[in-house]
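> Sequence lines, in order, name chains F and S. Using the working numbering, the first residue of the first sequence is number 554, and each one after it goes up by one. Using the working numbering, the first residue of the second sequence is number 122, and each one after it goes up by one.
A couple of the hints might just be wrong.
As the list claims (entries may be wrong) - Derived Cβ-Cβ restraints for the label pairs, each shown as a range:
#, chain 1, residue 1, chain 2, residue 2, range
1, F, G622, S, L199, 24 to 32 Å
2, F, K556, S, E342, 55 to 63 Å
3, F, T558, S, R236, 43 to 51 Å
4, S, D207, F, D619, 49 to 57 Å
5, F, G622, S, E342, 46 to 54 Å
6, F, D616, S, D438, 33 to 41 Å
7, S, I204, F, G622, 45 to 53 Å
8, S, G432, F, V573, 45 to 53 Å
9, F, L617, S, Q405, 33 to 41 Å
Derived from the structure by calculation, the hints contain no laboratory data. Small disclaimer: the values here were computed from a predicted structure and weren't measured. Idealized CB from N, CA, C, for every residue including glycine.
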Amino acid sequence: MSKVTYRQADGSASTIEVPVGWSLMEAAMQNSIEGIPAECGGGCACATCHVYVEEDDMSKLPDLSDMEGDMLECVAAERLPGSRLSCQIRMTDEMGDLTVTIPSEQF
Amino acid sequence: MKDDVFVVVGAGQAGIQVCNSLRNSGFAGQLILVGDEPILPYQRPPLSKSFLLGEIDEQRLFFRPQTHFEKQSIEPLLRTKVIAIDRLAKTVSLEGGRTLNYTKLALTTGTRVRRLDCEGADNAQVHYIRSLDDSIALKNKLAEVERVAIIGGGFVGLEVAAVTRKLGKDVTVYEAEERLMGRVVSAMLSEFYFDLHRKNGVSLHMGDRIDRVKVCDNTLEIYANKQHSLDCDIIVAGIGAIANDEIALEAGLNCDRGIIVDNRCLTSDPDVVAAGDCTVHYNQFAGKPVRLESVQNAVDQAKVAASTMLGGEAVYDQVPWFWSDQYDAKLQIAGINAGYDKYLTAGRPEDNKFSIFYFKDDSLIGADSINDPSSHMAVRKIMTTKIASMVQIQENLDDLRSFAQQ
Ligand SMILES: Cc1cc2nc3c(=O)[nH]c(=O)nc-3n(C[C@H](O)[C@H](O)[C@H](O)COP(=O)(O)OP(=O)(O)OC[C@H]3O[C@@H](n4cnc5c(N)ncnc54)[C@H](O)[C@@H]3O)c2cc1C
Ligand code: FES
């Protein structure tokens with residue numbers, strides 16, 4: 554199983570195993586990782602599950618859908634090249650380990 | 122503070138948010154979350170969407186794992202119903218005879234489904250969706266049957282229609298009113314959804330009221346307007362919800378088809394707050410008292426309720442928003458469009474991406490967006506920060522986001 558490291562804005566970090574098929578948002582929720590309110594529960598409707606993906610990991614991810622791209626325009630923290638919605642990234646067999654940073658604000 | 126006991130009644134979306142907000146704000150007293158369902162709080166929206174379709178399993182619905190409750194010292198009392206509140210003694214009575222003392226009480230009891238009340242409707246093959254168990258029962262049943270009748274063309278009914286079509290079933294929708302989702306969306310949007318469901322093979326009966334369900338062997342005969350209308354295997358009814366306000370009402374709190382709260386989520390008792398689907402509040406965006414059934418309302422009211430329990434000053438003034446997934450159309454609603462007198466559209470329904478902006482007395486009161494999240498998010502922001510006229514929106518249609526930030 555692949556491991557994902559979630560870094561908080563304050564520098565602390567936790568690493569968890571993410572089952573194939575789960576989104577990074579779901580894995581964070583089920584492991585009590587704070588900072589991802591994910592109000593719409595993965596519906597790509599709220600933009601409160603924003604994370605910054607490490608540059609080296611970007612190529613492992615599925616492409617941005619139009620919906621996700623549009624929602625990313627509206628995230629509360631600054632949108633950076635590594636910005637993604639964690640509910641739209643589903644773990645696959647091939648993805649491998651990832652590191653993401655949780656922004657300090659989601660609203 | 123340490124000796125305080127805060128009791129939260131109703132372990133759903135609002136209940137867990139009250140608890141989390143209390144702990145995040147440093148509440149150090151005892152915190153008890155009482156819920157009559159057998160499991161920890163979970164998300165309901167997927168119950169008529171991805172969960173029913175089989176895309177996600179049960180485990181992924183929970184807001185927080187068991188360990189969270191331990192770490193945060195939140196005591197869940199599951200399978201436990203609160204049957205009465207004694208506001209003088211400041212206790213709640215639990216089914217089975219126990220009582221709990223409280224210094225502050227939060228009511229987050231949500232709603233229950235309205236049941237079909239025509240002849241023959243108390244049949245086991247009439248399904249509803251409010252709880253996880255309901256959705257599991259329906260999902261299991263769908264694996265065995267072919268012909269599904271859906272009564273009620275509101276959000277839940279239509280989401281179930283979309284899921285059951287994706288599963289390849291024969292689907293018929295009955296809506297008593299003349300248009301779909303008529304309580305919330307505009308006529309244009311109802312029409313868009315009518316076409317969408319028809320294109321996807323749903324047969325739609327508008328203005329048809331079901332007056333009888335008759336069981337013949339394994340078949341259900343549906344009668345609409347006194348005529349035999351359809352034979353089907355199961356019925357799913359989505360005909361609205363009723364606030365669980367009985368314990369509040371019996372305790373003498375002001376209620377009107379929901380527990381009445383002010384903009385600090387306070388009930389008519391200074392030690393009792395309420396939040397979520399069970400409440401009625403004067404909404405500044407609607408300009409009248411409303412009972413909203415949405416994640417946004419549950420979460421935002423819960424945060425305010427927690428602040429009020431701690432003596433804080435937070436007020437509930439967030440722009441309402443909502444979403445619904447049907448086929449490849451994601452609907453996002455911002456604001457409340459009731460009473461609009463003008464509208465403006467951007468994009469075209471034929472392209473499956475458009476928004477309708479609603480105005481009342483020349484100011485923006487809301488927007489419905491199909492696959493157009495940028496407009497949706499911009500409208501939420503605009504309505505939070507300013508009053509926008511129709512001309513302003515029209516002139517800035519190409520870049521509403523910048524306009525929102527000005
Ligand atoms: C099928 C479905 C789809 C939905 N889809 C969407 C959507 O797409 N977008 C959206 O914004 N919203 C959606 N909603 C609405 C959203 O889920 C609700 O607004 C939200 O769950 C409200 O949270 P709540 O805490 O007020 O109520 P609930 O989540 O219903 O929680 C209330 C809890 O209190 C318990 N309870 C009641 N009385 C007592 C008592 N006396 N003692 C103990 N426990 C009690 C109930 O059993 C329940 O567990 C949907 C709802 C359903 C049912
Ligand atoms: S959880 Fe709402 S957009 Fe990701």
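> How does the Cβ-Cβ distance of F:G622 and S:L199 compare with 24 to 32 Å: does it lie in that range?
Violated: the Cβ-Cβ distance is about 41 Å, outside 24 to 32 Å.
> Taking the CB of F:K556 and the CB of S:E342, does the distance hold inside 55 to 63 Å?
Given a distance of about 56 Å, which is inside 55 to 63 Å, the answer is holds.
> If you check the beta carbons of S:G432 and F:V573, does the distance land in 45 to 53 Å?
holds, 47 Å
> Taking 49 to 57 Å as the hint, is the beta-carbon distance of S:D207 and F:D619 inside that range?
Hint holds: Cβ distance 55 Å, inside 49 to 57 Å.
> Note whether the CB distance of S:I204 and F:G622 lies within 45 to 53 Å or breaks it.
holds, 50 Å
> Hint says 46 to 54 Å; check whether the CB-CB distance for F:G622 and S:E342 agrees.
Given about 49 Å between the Cβ atoms, the range holds.
> Range first: 43 to 51 Å. Now tell me if the beta carbons of F:T558 and S:R236 are that far apart.
holds, 49 Å
> Look at the Cβ atoms of F:D616 and S:D438 and judge whether their distance stays inside 33 to 41 Å.
Holds, at about 38 Å.
> Is it true that F:L617 and S:Q405 lie within 33 to 41 Å of each other by Cβ?
holds, 36 Å
The structure does not agree with numbered hint 1 stated previously, though it agrees with all others.
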